[in-house]
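Visitor: Chains C, L and B, in that order, are what the protein sequence lines are.
Just so you know, we're using my numbering here: the first sequence kicks off at 68 and counts up by one.
Just so you know, we're using my numbering here: the second sequence kicks off at 48 and counts up by one.
Just so you know, we're using my numbering here: the third sequence kicks off at 4 and counts up by one.
No lab work stands behind these hints, which were simulated from the structure alone.
A quick note: this is a predicted structure, and the numbers were derived from the prediction, not measured.
It is possible that some hints are incorrect.
So these bits of chain B aren't anywhere near chain C, every CB distance computed over 12 Å [unchecked claim]: (1) 92; (2) 129; (3) 142; (4) 195; (5) 222; (6) 252; (7) 262; (8) 277; (9) 280.
With a cut-off of at most 25 Å between alpha-carbon atoms, the simulated DMTMM-like pairs for lysine to aspartate or glutamate come out as follows [unchecked claim]: (10) B:57 / C:444; (11) L:290 / B:122; (12) L:203 / C:398; (13) C:447 / B:91; (14) L:156 / B:91; (15) C:252 / L:329; (16) L:203 / C:396; (17) C:316 / C:356; (18) C:364 / B:122; (19) C:447 / C:356; (20) B:57 / B:161; (21) L:203 / C:356; (22) C:364 / L:181.
FRET-style restraints, in silico, Cβ to Cβ [unchecked claim]: (23) C:398 / B:5: 57 to 67 Å; (24) L:136 / B:187: 49 to 59 Å; (25) L:182 / B:132: 25 to 35 Å; (26) L:202 / B:122: 51 to 61 Å; (27) B:188 / L:53: 48 to 58 Å; (28) C:258 / L:181: 26 to 36 Å.
The beta carbon of each residue, even a glycine, is placed where N, CA and C say it ideally should be.
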Amino acid sequence: MRKTIFICLLGTLALFFAPWAATSQAQEPIKIGVISPVSGNYGDHGALERAGMEMALAELGGKILGRPVELVVADSETNADTAGRRVRAFIEVDGIKLLMGAVNSSVAMAVAAVATERQVLYIATNGNSDELTSSKATRYMFRVAPSMASLGRAAGTYAIENLGKRWFFLTHDYSWGHSGTRWAKDVLTKNGGTEVGEVKFPMGTRDFSAQLLQVRDSDADVLMITAAGFDNVALMKQLAEYKIHDKMKVVYTLQEFVDIYPLQPQEHRGYYATEVSWDENDQLKAASEKFHQQYPKAASPVFDNGNYNGYVAIMALAEAIEKAGTADDVEKIIAALEGLEITKNLRDKPTYVDPRTHQFLSKVVMVEGNPQGSGSDIWKIIRTYDATQFDMTPEENPIDLTKK
Amino acid sequence: MRRLLKDPLLWIFLVFALYPAIPYIGNFISLGSELLLWFIFTLSFNLCLGQTGLPSFGHGAFYGLGSYAAAITYLKLSGEGGGFLAPLVGGIVVGTAAAGLLGWFIKDKRGVYFAMLTVAFTQVCFGICWRWDEVTGGEAGLSGIVRTTFLGIDMKNLHNFYYLCFVVFVIAALIIRSISRSCFGLSLQSVRQNHIRSQYLGYNCNMYKFVVYALSGAFAGLSGALYCLLTQSAFADILDWSKSGDVVMATLLGGGTVSFYGPIVGSLIFIICKNLLSSLWDHWLFIYGMSFVIILCLFPTGLMGVFKRRAASKA
Amino acid sequence: MLTLSLFLNGIVLGLVYAAVALGFSLVLGVSGVINFAHSITFTFGAYFFWAMYKHVGYLPAMLLAPAAVAVIGFFVERLVIRRVYGQDPLFGLLITLGFAMGMEELIRMVFGPATHNVDAPSFANGVIIFGNFLYSQYRLFIALVAAIMVAAVWLFTEKSRYGTVVKAGMFNSEMVGALGHDLYKMRIWILVLGSFIAGLAGILAAPIWSVKSGMGSSILMPSFLIVLMGGLGSIPGTLVAGLMVGITLSMGVLVAPRFVDIMPYILMGLIVYFWPRGLMGQQNIIE
Chain C
68 MRKTIFICLL GTLALFFAPW AATSQAQEPI KIGVISPVSG NYGDHGALER AGMEMALAEL
128 GGKILGRPVE LVVADSETNA DTAGRRVRAF IEVDGIKLLM GAVNSSVAMA VAAVATERQV
188 LYIATNGNSD ELTSSKATRY MFRVAPSMAS LGRAAGTYAI ENLGKRWFFL THDYSWGHSG
248 TRWAKDVLTK NGGTEVGEVK FPMGTRDFSA QLLQVRDSDA DVLMITAAGF DNVALMKQLA
308 EYKIHDKMKV VYTLQEFVDI YPLQPQEHRG YYATEVSWDE NDQLKAASEK FHQQYPKAAS
368 PVFDNGNYNG YVAIMALAEA IEKAGTADDV EKIIAALEGL EITKNLRDKP TYVDPRTHQF
428 LSKVVMVEGN PQGSGSDIWK IIRTYDATQF DMTPEENPID LTKK
Chain L
48 MRRLLKDPLL WIFLVFALYP AIPYIGNFIS LGSELLLWFI FTLSFNLCLG QTGLPSFGHG
108 AFYGLGSYAA AITYLKLSGE GGGFLAPLVG GIVVGTAAAG LLGWFIKDKR GVYFAMLTVA
168 FTQVCFGICW RWDEVTGGEA GLSGIVRTTF LGIDMKNLHN FYYLCFVVFV IAALIIRSIS
228 RSCFGLSLQS VRQNHIRSQY LGYNCNMYKF VVYALSGAFA GLSGALYCLL TQSAFADILD
288 WSKSGDVVMA TLLGGGTVSF YGPIVGSLIF IICKNLLSSL WDHWLFIYGM SFVIILCLFP
348 TGLMGVFKRR AASKA
Chain B
4 MLTLSLFLNG IVLGLVYAAV ALGFSLVLGV SGVINFAHSI TFTFGAYFFW AMYKHVGYLP
64 AMLLAPAAVA VIGFFVERLV IRRVYGQDPL FGLLITLGFA MGMEELIRMV FGPATHNVDA
124 PSFANGVIIF GNFLYSQYRL FIALVAAIMV AAVWLFTEKS RYGTVVKAGM FNSEMVGALG
184 HDLYKMRIWI LVLGSFIAGL AGILAAPIWS VKSGMGSSIL MPSFLIVLMG GLGSIPGTLV
244 AGLMVGITLS MGVLVAPRFV DIMPYILMGL IVYFWPRGLM GQQNIIE
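Given only the sequences and the hints, what does the whole structure look like? Please build it.
Guide: This is the structure:
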């Protein structure tokens, strides 16, 4: 009987690995490993990011340097631990040297750790934490999304100039949330404003009644919020439910189109810093329309942070590979990416890749929610800032990746 | 000699000793290391579930705390070029301490209440690790751990690290099996089969539960520490209760309640399924959840239960 | 002043938590099954409601959607839960957990992964302000519905003849069976009722949370905690424990806002440590 067990064990092993073995034969196309949530709660965010990448690739004719490009997707399950494991398999089995993706920072950090260990290139698309380009920065990682320093200070600067000087902070209690609040506070203290209070709420909070009663009880002019995901959707609905907008201005250090899109018009109210707005220029508007035609089922009908960053990541990689003249030598591609100016970014000014921090620098947009609008007309642009203006200075972030 | 040859553990050792040489499969070297440390983890968990009947949903906590302990000992104490042993010992110590502490307080609880108290413990640990930026790195986790050399062997090489895991696995598996076959292990079985009767026979059941819980926490901490060294980082995600649920699922699926080798079969299938299914279909969780339900509905004792039953009917 | 208003808010929250835990408590008490599929019936309720409320109106949808969920509950009982009666409760827990995982993904396949919006009904879409107190009308409406649900279930088990049998089944199911009552039928009906209640709770939560496939998992652990704290199968216990959790969550913001999410776990740990069967629990079928 024990022999049977043994044979069965071997059999299952062989069975499960066989399909993998079959797929790892062909070597000709350029393979890009995409690590992004497929299943689970953030599956829609992952799908958006991948749609952006696919769209960029289609515009390039599916080819870089004349070689066909293949996007190989692995499910990160929005979980750092799983992502690390899947990426390892990518590198070991598929021999992938180019990685891309991740909708949140902890996954990006896990992937970056593996990328550094195995010396492969990783372009983080949608993590905003400061650590990605400061304390956890590595030569092998580039980051497309602006840092929280850019976003938080843009939101803060707009709020202090136009909305009021007494602020209350509502912070998602993990490192990303902390950094948003930190940079907004930086603006507040430098401009002589007062902090009325701060409430940190844990991940997974669905009911904000207690927090919002406390906010209402304060006499702040501005409520500065750093919150993300499904918690944020619930929070926005409850901000309207508790009529917070009548008492103070609500400002977000980062807002995503997908989070506001499903809401009712009166819940749109607020001032938001965001990475891209689909109606910034004609190029983006046209691309958004095309996007909606190609992906009518996507969570967002227009270009949002997620798909835009995916799009830019592919464009950047394509330009870097063409510049380096190779898709196999990671070091050469890194050198090509450093200081690169990405022109196909759908904006009037190219995106610059800072060689010091490996941060992509473009714009930060301030928008105001439109309480009457429906469909994709949920906000209007009120201000555009240059990301270079607010990103961490060399004093704040002494890291220098150009020195080895 | 013949008895030794009939020992399934020997064959398992042999397969995994040759693992990197197996065509195709051998490429998945990290997966191999992960399988080995999952074996340690689930075998030790089965000391609680299968042997003693303790439904612990908190083993993810010991695993996670072990990996944090290893990361922190590495970063704060041993540092670059420092020992390889210190993180492992750190993981074991913290795993034992956490399990011992929890076990001491809940040793007289049973069934659902025991399970829920362990869940509560896990959630509290997870809540703390997720937030305590200064020590655990919060959401970002801890990274910057580099596998250096151990006894003059370069551990950056994945094959070398695999064999380190393998050696640890062999030792751990032998220890765990000798525990489960010892007088102590047999007493544990009596605690599971009839709690009250063994109490009347003079066994201090609560003490047995406490000891086995701490012991199992030690191995969980060890595998957590190895995991930290494998991924060269530590994250709070693995402390969430759903991860502890994974361990219970894998053990039950393999048939941990009826066979010592159940956890090995279970984690083999579990890890491979999770890795394979996700690359096949976007909605793999559907198949995964449903096949789990179907398998357990058909074979309530898990896969090893099927073999056992067949063997019994032949005899 | 803030303290008082947080306290009152806690009571409203607590009623909702108690209502969510109610179905869980009934099924666990009568059938001895820790039904983790409870979370998925909650989610199904919200999705069905989202799909139909614009077409049939708010109040009719509030009855139709839970009824549809109850039908699902019936099939779940026939296909899955029936097989775990009399087994170790944790075995049932794992099977239903696996089932819930699969079903959550099915929801994503059918309804898409995006978040959906549900409006609050027009008759309860505003706030009531007395001086410094502020109450959202919708929350008062939820609290009212929740209170009615708890009261109705309590009346059913305490005052009706069938309810007495159900209650007896919680303590000694074999004896109830021996007395000629159809225990299996009773278990089906209780699961159907539990699903109905969970579906209704999902509907109530939808306008404040919005609808997403993972919404059920955030009520699963709290309801399990509440059931254990209150004592298995005890409806007054569930109510008391629900109120305790609600008040802790609401008042906790004043003390340690960062740790409100783990406070219920600590509370549960303390209560179960000192009252091993929960606040109002008695010996029951799962021991």
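Visitor: The structure should be examined with respect to each hint, and the outcome stated for every one.
Guide: Each hint tested on the structure:
no.	hint	in the structure
1	92	26 Å, holds
2	129	8 Å, violated
3	142	7 Å, violated
4	195	27 Å, holds
5	222	8 Å, violated
6	252	7 Å, violated
7	262	7 Å, violated
8	277	26 Å, holds
9	280	29 Å, holds
10	B:57 / C:444	22 Å, holds
11	L:290 / B:122	35 Å, violated
12	L:203 / C:398	20 Å, holds
13	C:447 / B:91	58 Å, violated
14	L:156 / B:91	16 Å, holds
15	C:252 / L:329	41 Å, violated
16	L:203 / C:396	22 Å, holds
17	C:316 / C:356	32 Å, violated
18	C:364 / B:122	22 Å, holds
19	C:447 / C:356	17 Å, holds
20	B:57 / B:161	37 Å, violated
21	L:203 / C:356	49 Å, violated
22	C:364 / L:181	42 Å, violated
23	C:398 / B:5: 57 to 67 Å	59 Å, holds
24	L:136 / B:187: 49 to 59 Å	55 Å, holds
25	L:182 / B:132: 25 to 35 Å	44 Å, violated
26	L:202 / B:122: 51 to 61 Å	59 Å, holds
27	B:188 / L:53: 48 to 58 Å	51 Å, holds
28	C:258 / L:181: 26 to 36 Å	29 Å, holds
Violation of the numbered hints given earlier is confined to hints 2, 3, 5, 6, 7, 11, 13, 15, 17, 20, 21, 22 and 25; the remaining hints are satisfied by the structure.
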